[in-house]
Amino acid sequence: MLLIALALTAFFIYRETETSAYQARRLAKLANDLRWEVKSGPNGGLHLPQAGPYDMRLGYSRLPELLKNLTERGFHVHAQARISPRMKKLVEQGLFVPYREKSQAGLEIVDGNGQPLYRAVFPTRVYENFESVPPLVTDSLLFIENRELLDPAQPKKNPAIEWTRLGKAMLDKTIQFVRPEHDVPGGSTLATQIEKYRHSPHGMTLSPNDKVQQIASASVRAYLDGEETMPARKRIVVDYLNTVPLSAASGFGEANGLGDGLWAWYGLDFERTNRILKAWSASGTDLAETARYYKHVLSLMIAQRRPSGYLTSDRKALNELTNSHLRVLAQAGVISPSLSEAALNVPLRFRYAAVPEETRNFSASKAANAVRVRLASQMGLQRLYELDRLDLSVQSTLDGELQKKTTDILRQLKNPEYARAAGLYGNRLLGEADPGKIIYSFTLSELTPQGAKFRIQADNFDQPLDINKGTKLDLGSTAKLRTLVTYLEIIEALHRKYAALEPEALHKEVSDPNDVLSRWAIEYLLQSTDKSLAAMLGAALERQYSANPYEQFFTGGGAHYFQNFKHEDDSRILSVREATLNSVNLVYIRLMRDIVRYHMLHIKGSSAKILMDADHPDRETYLRRFADKEGTEFINRFYLKYKNKTASEINEIFFSSFRHTPRRLAAAYRYIHPEATPAQFNKFMTSRLPGQRPDERVLHDQYQRYAPGKYSLADQGYIVAVHPLELWLVHYLSNHPNAKHKDVIKASAEERVAVYRWLFKTIHKNAQDIRIRSLLELEAFLEIYRGWKRLGYPFDALVPSLATAIGSSADRPAALAELMGIILNNGARVPAMLIERLHFAAGTPFETIMERTPDQGEKMFSPDLAAVVRDVLTGVVEKGTASRLAHSIVKEDGTWIPIGGKTGTGDHRYVTFSSAGVIKESHAVNRSATFVFFIGDRFFGTLTAFVPGADAANYQFTSALSTQVLKYLLPTLKPLIDKAQPLPEQTSSKPIVKHRSPKEEGGDEAVNSSQQPALVDDQLP
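If you want the working numbering, it's the position in the sequence shown, counting the first as 1, plus 581.
Since the hints were derived computationally from the structure, they do not count as laboratory data. It should be emphasised that the depicted structure is a prediction, and the values quoted were computed from it without experimental measurement. The C-beta atom is built at its ideal place from N, Cα and C for all residues, glycine as well. Check each hint, because a few of them may be wrong.
[Said to hold, decoys possible] Estimated spans, in silico, between C-beta atoms of each pair:
#	residue 1	residue 2	range
1	P1243	L965	34 to 42 Å
2	P928	G1424	37 to 45 Å
3	K1224	P1552	29 to 37 Å
4	L787	L611	50 to 58 Å
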């Protein structure tokens, strides 16, 4: 009986190794319980611990980290996969997650309507199905790797194990113990190799347990579709050819699969290769050409055993091994002797240059790239390379159709005839200048209940740079918008402080004679019957200033004069509202002076009163407290500015924070880098003064003049026009990059006192006053900067000069658009949305859908303030510097949608003066014209025209150009504007309304948005 039992057992094992019938029945039944479903909300138990190269590349193993980063940035899990208990148990037992895996995946971006914007697929070149693989390729692969895989006699065969091959491998391994030099061929089938390079750590088999894991996982996967495995076996051939790892090629990245490998390593076209190899058996086939393509294909099948070695450093060995296989294949009858002989005479020809990048239309893909950059940042990825390889579909907020139309229009504006038809020629427009040199950039966002959604991000700049976010531009009078908001925020603060006081209490309030704004607020509240915030803000807009350009202003460390754009304004006295409508510079210079004086006297712990009074009895006592308290206050501010930055980043931030002159740069560099050699100093000065060629003698003089110890720290700060303690901190952190806050405070004790002590030692009262004013102005601008930064100002410092009111501190169009969004949204900042939805790993057990978490926004200032600013900006369009846009969008019912905004023209130049103050040289650096706007109660954005470099000298356009381009775009934008619905919660004390058109009211005829825009001259930039 024992013999019979043994015989039956042996027969069963033999039959099972031949047919896999028992495995097929059991595993196919198991497959019925291996499933998953996607349900609402997060799945806290979705942790599938496999981290092979495939899982890493597609993002499956990194999913917890990616979801955490996205959650921290305003997203939540909307839905996620739940695997069945049986599948979960298999994974806990050590198997890889059993499901039908993707051979191709990558990042896909669609617009808000589901239309494609971007698609990255890896591998790029693949076989669609088994029938598309040339038989010559299939036969060669199976002979080398898995000869019994497609045996039709065994329909239920388990493809994970080839017993003959495995037995031989085990025998060879045994022999190797006795004879170490004995070669052991691999015993893995294609199915287990796929499991290995996809899911095993580093794509390698490191232990017997790894091999068992691969075989078990491949076995379960083979029977997911039932007992018959021939379809699965054919799919294994295709999957292997499409995904086998073939190392990383320069300029290409990881090459996976035969198709990408042929292109990356040999420069061979995949489609042509397959066409030639499929035609091999046909009469008249070119033997030499077939042999060349076949040998290169065969070499990659062999190279997969050691791809980094064979394909990069040991190519001669690969050629010899390929030749050896050619002979064996011919002997076995897999290929003909003639093909083998011809292939033996063909050398492997590698691509010796990096894979050429595809020619890209950067302007057409700018919006998609913006989505990719935002995605990478929000997900915590360092490279777009990683992002593109994730199994991820993203829905953006963009309108793809309008994006394309807008980009096409902006690109065509480089054509003179098209530009003329668009009305871009004329006074303060193009003149006779070349339109081909102008870069146009346009953004449009829509306020929605979910946030501010980007609809269009377009430009005609055929380079990767995003003009809206990646540049620092002199945007001229757009700075008046920031200054206006700062002014009204002060008025709002004064209203909170004084409005509730009785007249008797108001009379007792004492304000400094220089604090014009506080004195006005008290006087207004004493006299006005309407003490509401809206009324007070409205009255503040009617305060008047002189536009006289002949007054000398001491600011920024020196005496300055400013000019108006229109000289007829020079003799006028204008209200703040009128000055905003017509962009009058001198009114805003004087307004900024009042803002600075207000902050001088209202900064917490302000020293202005005591320092300005030389006979103040508490002067000496106060100095001791002031030096430590105020010095520590500013050290803290500057420490936060430079915290966690490298030495090079600290230097870049600091030297970008003040206006460059040779004197300032020399003094700053010699203080921060006292050990620098003359050669290093000269190199630095030359790099920071582009367009100028400082004389070596002058540089030598400056190197000596500002040598260490020549000036006190306070004097050095005065020369550079920065706070002395910031200068000290930059020097300290450059030498102590790992210093903590306590280290900085301890090290700065002496400097904090020294910086302020000089104020009381000078014997020249006039010089003392000048130094005091300069220092207090620096402190005031630090406070103004805080307010600007809170509202989205993009840089790390303001130029401490009244000229900041008219644009000297630069800006970015995107940052101005953010401010306009706050104004339009009644003073509340909502998230700027470029991405609405992310769909990870669709159709897999890792599937996860993420959406934006609703955000009520952050209140930045009151709805009353926002309404007042909108009213002024609407006036800029109705009767100010953007009047060509007045009544440009007329609805079918005859009403027109209001447009508001602020214009600005930047003429950035390097100017050299003589000692007498006469201009010696002036050359253009760039020219820009910007219009930051809102349309109705939902849309806002910017349009910028920009000419970089010396070509800017050939242009005289003002912001009239940007407003005219926007007018030309409006018919294209109108369908989007028309279909927008008002926000349900959008209310204000002074709402934006749809006005009746002038035509309907008996005025001038309105321009219908379906018509070509007429040319209208502007008043000012």
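Taking the hints in turn, this is what the structure says about them:
With their beta carbons about 40 Å apart, P1243 and L965 fall inside the hinted range of 34 to 42 Å. Between P928 and G1424, the C-beta spacing of about 44 Å keeps the proposed range 37 to 45 Å intact. For the hinted restraint 29 to 37 Å between K1224 and P1552, the CB-CB distance of approximately 49 Å leaves it violated. Between L787 and L611 the Cβ separation comes to about 27 Å, which falls outside the hinted range of 50 to 58 Å.
In summary, the numbered hints that this structure violates are 3 and 4.
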